[in-house]
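Sequence order for the protein chains is A and B. So for the first sequence, our numbering puts the first residue at 1; every next one is plus one. So for the second sequence, our numbering puts the first residue at 312; every next one is plus one.
Since the hints were made in silico from the structure, they are not lab data. Among the hints, erroneous ones may be present.
As a list, the in silico DSS-like pairs of lysine-lysine whose alpha-carbon atoms are at most 30 angstroms apart [to be verified]:
| id | chain 1 | residue 1 | chain 2 | residue 2 |
| --- | --- | --- | --- | --- |
| 1 | B | K602 | A | K200 |
| 2 | B | K456 | B | K565 |
| 3 | A | K6 | B | K517 |
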Amino acid sequence: MTWTHKNLLGLEGLSREEITFILDTAERFHEVLDRPIPLVPALRGKTILNMFYEASTRTSTSFAMAAKRLSADVVGFSKASSSVKKGETLLDTVRTIESMRVDGVVIRHSCPGAARFIAQRIDAFVINAGDGAHEHPTQGLLDLFAARKRLGSFEDRHLVVVGDITHSRVVRSAIYGFSTMGAEITVCGPATLIPPHFKKAFPNVGIETDFDMLLADADMIMMLRLQLERQGKGLFPSIREYRKLYCLTAERMKKAKPDVVVMHPGPMNRGIEIEPAVADGPNSVVLAQVRAGVAVRMAVLYILAGGELEH
Amino acid sequence: MSTRFLIRGGYVFFPEEEAMRRADVEIAEGRIARIAETLPAEADTLIIEAQDKLLSPGLVDLHVHLREPGREDTETLESGAWAGLAGGFTTICAMPNTQPPTDTREQAAFIRKRSDELGLARILPIGAATKGRAGEEITEYALLKEAGVVAVSDDGYWLYSAEVMRHALEYAGMLGLVVITHAEEPSMCEEGVMNESAVSAKLGFKVRPGVAEEVAIQRDIALASCTGSHLHVAHITTARGVELVRQARAKRIKVTAEATPHHLLLTDEALSSFDANYKVNPPLRTEEDRKALLEALKDGIIQAIATDHAPHAIEEKEQELDLAPAGMIGLQTALSVLWESLVEPGIIKPELLLRLFTTGPASVIGEKVELKEGGPANLVVFDPAARWTFDAESNRSLSWNSPWFGKKLKGKIEHVFLGERHFSF
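Isolated chain B (complex conformation) (with noise of 0.2 angstroms):
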């Protein structure tokens, strides 16, 4: 019934040994058939060739803003979901801030159902930490884990509340699952548009300073160490912030992070441009922050990199930095601006970048990756080399509030196997 694939010579990412070598895989009934050196090429089987080309298993995200229900003009779980097989991600999880929030069993469920209709990147929805994302009172974890759900947190908005946040640790820990920490003090935030830095003090925008991500991490990292349970750090920042992290892993805190594609990338100097795409939350800080976050993912400090995929309509963002509001679409292109700013010239190795896309995030929400004879096919073929515009015509989210829209880019995912499903771009 479904197509037997050869995909030949490529550069396979095997996640369990995190090593990399040429194979030929062969993908029959939704399952990798075979692995070897090299296979022959069975009557009707569809060949592939991947001569320089990586195949890894799907890449994993633990953080996008889907817009659905409520936005659906900036992003449908659909358009998302496209936006995540075409940037080589086959597991997305969707923040719950929503209208209304992800903070109950019908709203999750209604995600995981749809996800399954759609038979797309599969869509993990994270349930809100407090009900109404109002910071109050903790919402059903037991209901929405059971429900589908991979971890809560108010994403946008920092636990206010250490009682509440004390609380939503110790309810979740007795669940095994991972509350997510959105690390920035609000007090200090208010009205902020960028970093604190000299590039604020000269442009004279308000700011949302680094010390507010340290201040709430401290704070976090002292609950996650009291209560014992798994606090993981959302887009961590700030080179201090990064050395909290540090400090409590070695006391053996349960602690983990994250880091997008943009702070990995870009400095709040872009911000220079008044470019509204480069407004951000947390802010895009400082080229020593960014070298820290570098040294972190080397370290394994920071164990995934997740893209915050945030849609906002083109009206909204074309406006007064103060007004526009912040983030940026990320799933199409984080591996391929990653690869080339950072694989290519030996800043970090190809092994790694992909651990951090599959087996780093994963971990993080107790799931596995597999690359494996007899597993279920989820897999995808990259071309470092290919050349592509992100534009109109490629884009798949519904929105193009990114600062890499219009720009050339290089590396391309151009197959991804999904169980039966096989796509190409």
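The following block holds chain A by itself, in its conformation from the complex (with noise of 0.2 angstroms):
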């Protein structure tokens, strides 16, 4: 297929068949990553900056690994280290990139629309690692790539996502990806962490308080992080009480189907939104997840670089 987009900015929008051309050549990658030398020299002499305007590190250091594999020279900065601190504007920062002639920009940042804002002010192409709450796409491609492993497709197939809806730009990655793919999404978590307008706008997904009663029909459960400041802007009263209504406990899985596919974009929370026995058991795709992750990216980086996949 051709691929017409410049910039990855979102799962909104994105076809079936775009996504799954993603994955498929997500899964050359993930088997170039076997290799005793896991590197392929599809973007040799391009330059690609990570700017991580948030904490982050498991997705730079994906993406900054996803670069080299792939050959291409990273450079980055994340906020501590850069100019941003000195009261630098997101456009300035732009300008000055731009004079710098990088290839493809991969953007975490706390704001909405960041990433669309850098977009479409520069040449190069742009990968939003995450913008605030609205999207953050690599992470719903290899949650969807984990678990089409498992499950191979998705029709028919029920998603669960559980913990704090509001504040998640995973949910709305994974609500865009997996509805596009074909299956069927019910998001669940306190009646405070799911926006109250969530059903007009995504009028396809199920909305749930009550997280046992989605475990029998789950194929996929997603649990999010529980972010531990939201408890003093009273959304949930404590962690004891979070984890009685939404911990996926082993208890829990022995209400889920036996082949259930348990998720977690991580960093996880141990004992409070999942039990460690669960997250390092036979149901639980965690690690796979953050393997995909690098393939995912090198894929998409490597779409958006506009390279030739030789072999």
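Join the two chains into one complex using the hints; note that each chain is given alone, in its own frame.
In structure tokens form, the structure reads like this:
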């Protein structure tokens, strides 16, 4: 197929063919990761800039690794080490990087629309690595990749996403990605952590506050990280109560399908939203997700850079 | 000394009767000399042909932000007064959130004096309701009034303390001053960028929910009721907020309200563009809210259209939405965009729109608007068919943060007569 998008700002609007194309491309890079020297020359001579305005270890590392496995040059900064702290505006930062002539920009930012803001103003391609609570498309893709490996396809499969729905970019990208691929989706969490107009925004997505009601029917359960500082804002009363209502425990797993796929975008609060026995158990694809992350990001970088895949 | 003008063949809006009819208007020596169906042109008379054009008393804006003193790079009293004139406003009320704020007699007197010196749109200061706009101690309302203040408000902030708001109403009521409330309960709006709706649920923005406005209006109405004082709700935006005002007015509580052009024409769907020009406080609401505002205009629940003209520097606006300041400019575009979008399609009558721009707002601050023989010249000529582009050349403001900037608009102010002065645009 012919790829027509300059950037990857979100999964909203991507077709099933386009997502499948990325996942299939990622499959080929996934094999590369098994080689003794996991390196292809596809992006040799290209420069990728990682701009991380928010603390992130796994996503920034994953993108850096993906770019290096493609033989690209990777430069990057995080908020703590850049002039952002000196008060430079995003617009000035954009102009600066544009004049350095990079080929691609990966950006993580706390404000929705930040990746789009940059994409509208530079020639290089832009990959959104998370913009506030809006989207995190490569996370959605790696979730799809890891789940597809277990389930084969998504038709008539049911994804349950549990946790802080309001503040999660992961859930929004999951909704666009999984629903486009044919899955049914239900989000679950306390009423204080689900936006009041969520149903209107996503009419085909189910909403449920009782986790136990959903266990028997789920083919995939995605547990979201609980941001502990939300407690201070009065959004949930205590970890003890959250755990009682929403922790994916071994006990709850007994009510789930035996082959249910358990996902978590990480980093996990072990013992809060997911019990260690479940996180490390046979249903969990948490580590497969991390590995899938590198392959998917290689695929996205490769496709957006317009590379030709040999062999 | 001054020129005699004959404005011929236009549709004249007579505010007292709230009627429009074709008439010739003669202006001489800063006054309206004659009004009649047809007037002969005297010698030395400058004739302005106004067939298919509209004559109205100068418009009144209850709510503008002029950034002087403090941020003269984004607007001065002079540039704001020019923008007002170009939009047909001959009276504009300046909110007190300058640096320093208009919280003393001296600050208010400075604005009045400057306004007189300029001789452009008349700038009426609104005094801060509390010292430093800190929400704690009320300012010297009597001295402020003496210096020309027409209302008090901590606009930008809701008076969080119910006790302070009660005293503000009591004290202002004693002096016949109106208290203008920015009705948004702030604990519900922290860091909020847009309305809470299906759009925010999709985009992931932090929110300023409509219920925050309801909560604030509800409390303020209770306090207006108990004090008997006049409460004016600035930039009302929600269907339920309007309903609260409707109920209060039915109980004869002294509550008035204004709506902005942007809340009457735009909805929160605009934020899908991630364009910071659509970030305003209170935020753009839903289509349902917008329709409720239009109904409230027709029912007389909302008495005034006010622009909430809020200039911001481009470098402040061209940022991530979370960081960009809220507000858009509106003085120069208000009449044009509302005429084209509401009057032309027949959604509201021209007489109503002009009332909402003239006698409506004037009555909130206890002023009169006249258009009659012998009265002072305070008159604008508007061509509803004229096409123009709101761009760097036509813009009179020092800022250009407006979603209409760069757009082709229909309907233009061509002349303003204000006392002995005549401006053409």
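Results of checking the hints against the structure:
no.	hint	verdict
1	K602(B) <-> K200(A)	holds, 19 angstroms
2	K456(B) <-> K565(B)	holds, 20 angstroms
3	K6(A) <-> K517(B)	holds, 28 angstroms
Consistency note: the structure conflicts with none of the earlier hints.
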